[in-house]
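There are 4 protein chains.
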Amino acid sequence: MHKIAICGGSGYTGAELLRILSLHPDVEITAITSEKSAGKTVPEVFPHLTAYKHLVYEPLVNEKLLSKADIFFMALPHGASQIAVDYFFSKGKKVIDLSADYRINDPLVYEEWYKLPHQKTETLAKAVYGLPELYRKDIKPASLIANPGCYPTCSILGLMPALKAGIVDADSIIIDAKSGVSGAGRKSDTAFSYCEVNDAFKAYGLGVHRHTPEIEQELSSIAGTKMVINFTPHLVPMDRGIVATIYCKLKKDMTTQDILDVYNQAYAKEQFVVVLPEAKYPDAKNVRGTNYCHIGLKVNKRTNTLIIVSAIDNLVKGASGQAVQNMNLMLGIDEATAIKSLALFP
Amino acid sequence: MHKIAICGGSGYTGAELLRILSLHPDVEITAITSEKSAGKTVPEVFPHLTAYKHLVYEPLVNEKLLSKADIFFMALPHGASQIAVDYFFSKGKKVIDLSADYRINDPLVYEEWYKLPHQKTETLAKAVYGLPELYRKDIKPASLIANPGCYPTCSILGLMPALKAGIVDADSIIIDAKSGVSGAGRKSDTAFSYCEVNDAFKAYGLGVHRHTPEIEQELSSIAGTKMVINFTPHLVPMDRGIVATIYCKLKKDMTTQDILDVYNQAYAKEQFVVVLPEAKYPDAKNVRGTNYCHIGLKVNKRTNTLIIVSAIDNLVKGASGQAVQNMNLMLGIDEATAIKSLALFP
Amino acid sequence: MHKIAICGGSGYTGAELLRILSLHPDVEITAITSEKSAGKTVPEVFPHLTAYKHLVYEPLVNEKLLSKADIFFMALPHGASQIAVDYFFSKGKKVIDLSADYRINDPLVYEEWYKLPHQKTETLAKAVYGLPELYRKDIKPASLIANPGCYPTCSILGLMPALKAGIVDADSIIIDAKSGVSGAGRKSDTAFSYCEVNDAFKAYGLGVHRHTPEIEQELSSIAGTKMVINFTPHLVPMDRGIVATIYCKLKKDMTTQDILDVYNQAYAKEQFVVVLPEAKYPDAKNVRGTNYCHIGLKVNKRTNTLIIVSAIDNLVKGASGQAVQNMNLMLGIDEATAIKSLALFP
Amino acid sequence: MHKIAICGGSGYTGAELLRILSLHPDVEITAITSEKSAGKTVPEVFPHLTAYKHLVYEPLVNEKLLSKADIFFMALPHGASQIAVDYFFSKGKKVIDLSADYRINDPLVYEEWYKLPHQKTETLAKAVYGLPELYRKDIKPASLIANPGCYPTCSILGLMPALKAGIVDADSIIIDAKSGVSGAGRKSDTAFSYCEVNDAFKAYGLGVHRHTPEIEQELSSIAGTKMVINFTPHLVPMDRGIVATIYCKLKKDMTTQDILDVYNQAYAKEQFVVVLPEAKYPDAKNVRGTNYCHIGLKVNKRTNTLIIVSAIDNLVKGASGQAVQNMNLMLGIDEATAIKSLALFP
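Protein chains in written order, with the working numbering: chain A, 26 to 371; chain B, 26 to 371; chain C, 26 to 371; chain D, 26 to 371.
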């Protein structure tokens, strides 16, 4: 049994790790941290996590935590994560960081968007971007995983085959993304209170969302050319789920079926990516609670535009599920262990 | 007191006309039709419409209805509306058609998208597209109003000042629109049942939605050049509201504030269009139950793209409220009569 | 034009007063207070209240406010309201208090449930409980109105005819009430964040909710005997609305229609109370945004129990709408001015 | 591997069986029926059930189905289920019936409430009511399980310890129950469309709901005396979940903690029943997607009333999860196989 510590376990991604790992046969949660919930049992904070009656939140004290686990899931705010991740990594532990701190390769780009310098650039250079569909080979032997953001996971999986195949104009990409409310985290904020969000819909962060450089970094790497994109997030009155509607100019005349063929081939061996048949499009509800990414697409002949729709659960494939997928890869066990569940529908 | 008949009054737009007109001092509803609800009182079908205890649904028999009213609101399915509208119009009545039948000027375009020939092309030629912000002068003396679609109203109001000012590339328009569920009408359809739509989000009708040619027609007319656009609708788990996120390439370098100035000037005299200050964007909830259109915008310098966000209530400014606004104009009374309510928030 | 001040105007009841009064022909809002929003215009805090561009929040300074208005709506937290209400009342202003501070006649009962002594018992003795259906005659000449709580309004209207008619056992009353989330106010609290409340349902405050003594006081007064009741509130994932399901033992054999007759007679002259026909029951959505109370009922012959279902909008008939109704009565104008709107459905 | 057939697999309980059984290591779905979806694969009907690409719906032809499976889950409408259940049972198959047809022991009571005669009373006499917490010993050797209704499961688990201990007055029981919309099944019905149910709340079926006699039968059996209850269901705008708030008069003076002790002892060995500590009450969201029942309770000293709040997921513990629990018991394997998942929160 591998011993697991979760640092920052009183938010939604922490709770989701506990939910998912409760079904994992090869691991045991030996420590969980939270400053504000220290001293409480897990079900006192999350009454749905009844399987963890004996697990008690403790404050994060690196030295005390070190010996308690082999694998560290870090769900701390960015900035704080830089230091804690570096500590456990430098002590030889396997670390999976769910914050943004180790995702951006270029420390200057990180500083530009996160308004913080990166203090651990040597460690940063060793981090692997944990998107298995793109970096599986690198993830397996890695000790430090930068677990991708939710919007980037959804966007990159949606665009990867088209960019790899070189069929779309890399200058033309528009990603219009819509997220459920849990993407904002678990916090006391009137803006995310029920009455403000229910029966509502709005755009936010136009042109300034921090997932933009992360998406651009990976798309650029896939396309082999530096890309700048339009990325617009929106808030949907639902708990979970991201749907990205992506617009790209086609370089040449192709049918929807032509491009579906490209996608089906690209993802033929990927068990968590489902390419839908022509005229079918993803629904966030069909991936709710799962590690799946559903992709549908359509060529609009009138405008010569490829429209890709990609959907994931932001807390699973967009966070904790993908973190467990990465862990499974690092442990050399079945990649799908504990994340095979089908969607909770309805 | 003007006498009003509502043809097709058991759907959401019919009920919304009744709700709005209950506060109108100058009109009286003298007839309402519905085949399936014939014989029932209004509150038997819509218990919230308690003010209409004595109004009884009747089947639509043109000849019987003719003498009962001066103004006819038509909320029939497209196709059926062609004939009924033509009848009342030809008899000298004022007609406001909430269907799509008289919106598309070119009968061939209508037939291409609606899969039906237009049988009343002479009458079609006399219809005025009822978007007051664009055609107020024509609406006042008109006898037949083609009340605009919900997506078109939201999209056209969002784009009009930019297109008129000639600051965006007319070939580059992408409209990514999101609608509440009432846009689908009141019907028995598993696809719109609570459990399928709640906590869900999806795109639909990619490249084939029937509001596309209506939007293109009006945008082309504004821009003075034939335009073809990308229009993608999505279904949001909320009752009402449309938010359109619109992407356009800027022709020259402009700031967000430059363009806000253009919009503020364009809409200075429009009481139902609110241009939000920089860094504020519309929320569907802020126009819920109202005839307002809220518009926010942002220039993305990195991509030289203007992003416009426009929001309306699909049942009010996108249907019944705009219909009443048109009626007020036709009657020569205060344009805002009965549609001044502020949003129900929360 | 009567001049209106709203003290405590940055919460939902304050915003709702602004929404409702925007349609009132006889009043003008001349001041609105909020400590945390002081200096901001109303639409900066509530973008839907576009009609109040020139109204600016100010801190509550009794002396400064005094000369600005004739009528004071007080939407302050309990405790704070005691003092401020007393001030404006003692200066000869008309005051409508939306807090609980002047609702409980007996200061000891107030102290027991609110954990605060009542410091203005002389003024308390002059307050009129502002339920027009019960105290219309007293409200008209009054200068201080204790505007009823949302649960009490719904519960009392539901029970009044049965208790007055003496047909139910006063010892048997169980009120199982369900409220939308706006009942909790506008605040930064994880417990009322979207993700905790959406797709959820729970009971709270069992046996200890502060509306209990208010309901008991009024029911006792109606029944002419001291009553103690079971009152259990629940939280429903909806913005607005209260539905109370009330159980009472029948004293003698009666049919549903017998009791409907009693209710119809009792409320024959009440324009805001709608008694539904047999086998129809209220839906919170049918009163959303309105000042109506809908009541349905059923005799369960098998258990000799009368089940009453009563529904209101907690922010309108349960707060701001009823406050305006009381103001209209105090001003001697049409009681329904500005609160005639039918429900926003859907 | 046991072979499983699901009869009536295009509704929510059928889909839920597929979801749950996809994680079951000892069974294989070999057939699934649906008249209207015959010929389609499972993911064509339910896109979230991607694991069943090769499973095709077929019409229900008893003779064809007989040899395909050992265990039959029946999710047919009542009436239809009588005959089909009898057929497979008489051929020696293990049958778990999710309809109501074999739950009511007395055929006359069945006929009174379901308005249908029971045609298979001999088979009815052999059915075991599949509530493991009550009938585990009988379920293990049984061949025909009448899987309990959702409201009954929630209500009976909530009341069982109190009734067994004889501490409440059996004549005083009021069950005020609230259900998510999936309880109504998957159907095309305007009454359950999104726009009618969202932001709404209502009571329905007052005094006439068909789960009443089922609850009374089991409570009477537990209490050892014939009981008649008040049962009132309500519709909550959420997908899943039932919360029952139950009122009972206490026979003698007891504290909340006294009764919690009774409940903790009664359910000490039940892994799916969680008794919450004092002052904590269940939330439907905390059991969403799980086989758990959460119970909280409170003694209201002022009225001498015990208030019990019980919550389950209507599709899992209230239907398909309990059906799998029953199957596990019948197969002699770990009772919790495939139903151990913790709740999807948020």
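Be a bit skeptical, because a hint or two may be false.
When chains are identical, the list treats them as one kind, so a pair holds in a single copy or across two.
[What the hints assert, rightly or not] In silico lysine to aspartate or glutamate, EDC-like type, Cα no more than 20 Å apart, as pairs:
no., residue 1, residue 2
1, K326, D95
2, K65, E158
3, K65, D278
4, K93, D196
5, K61, D214
6, K305, E69
7, K276, D196
8, K326, E137
9, K78, D286
10, K189, D163
11, K118, D196
12, K89, E360
13, K326, D283
14, K294, D163
15, K277, D196
16, K118, D286
17, K93, E83
18, K78, E303
19, K151, E303
20, K65, E303
21, K276, E69
22, K365, D51
23, K294, D51
24, K305, D214
25, K294, D283
Read the hints as simulated data drawn from the structure, not as lab findings.
Hint by hint, here is what the structure shows:
| no. | hint | verdict |
| --- | --- | --- |
| 1 | K326 with D95 | neither (53 Å within a copy, 46 Å between copies) |
| 2 | K65 with E158 | neither (38 Å within a copy, 30 Å between copies) |
| 3 | K65 with D278 | neither (60 Å within a copy, 33 Å between copies) |
| 4 | K93 with D196 | neither (48 Å within a copy, 56 Å between copies) |
| 5 | K61 with D214 | both (16 Å within a copy, 15 Å between copies) |
| 6 | K305 with E69 | between (42 Å within a copy, 10 Å between copies) |
| 7 | K276 with D196 | both (11 Å within a copy, 16 Å between copies) |
| 8 | K326 with E137 | between (39 Å within a copy, 15 Å between copies) |
| 9 | K78 with D286 | between (49 Å within a copy, 18 Å between copies) |
| 10 | K189 with D163 | within (19 Å within a copy, 53 Å between copies) |
| 11 | K118 with D196 | neither (41 Å within a copy, 54 Å between copies) |
| 12 | K89 with E360 | neither (30 Å within a copy, 39 Å between copies) |
| 13 | K326 with D283 | within (13 Å within a copy, 34 Å between copies) |
| 14 | K294 with D163 | within (17 Å within a copy, 47 Å between copies) |
| 15 | K277 with D196 | both (15 Å within a copy, 17 Å between copies) |
| 16 | K118 with D286 | neither (42 Å within a copy, 45 Å between copies) |
| 17 | K93 with E83 | within (12 Å within a copy, 54 Å between copies) |
| 18 | K78 with E303 | between (47 Å within a copy, 16 Å between copies) |
| 19 | K151 with E303 | neither (41 Å within a copy, 41 Å between copies) |
| 20 | K65 with E303 | between (50 Å within a copy, 16 Å between copies) |
| 21 | K276 with E69 | neither (56 Å within a copy, 32 Å between copies) |
| 22 | K365 with D51 | both (15 Å within a copy, 16 Å between copies) |
| 23 | K294 with D51 | neither (25 Å within a copy, 26 Å between copies) |
| 24 | K305 with D214 | between (37 Å within a copy, 18 Å between copies) |
| 25 | K294 with D283 | within (19 Å within a copy, 50 Å between copies) |
The structure fails hints 1, 2, 3, 4, 11, 12, 16, 19, 21 and 23 (numbered hints given earlier, in ascending order).
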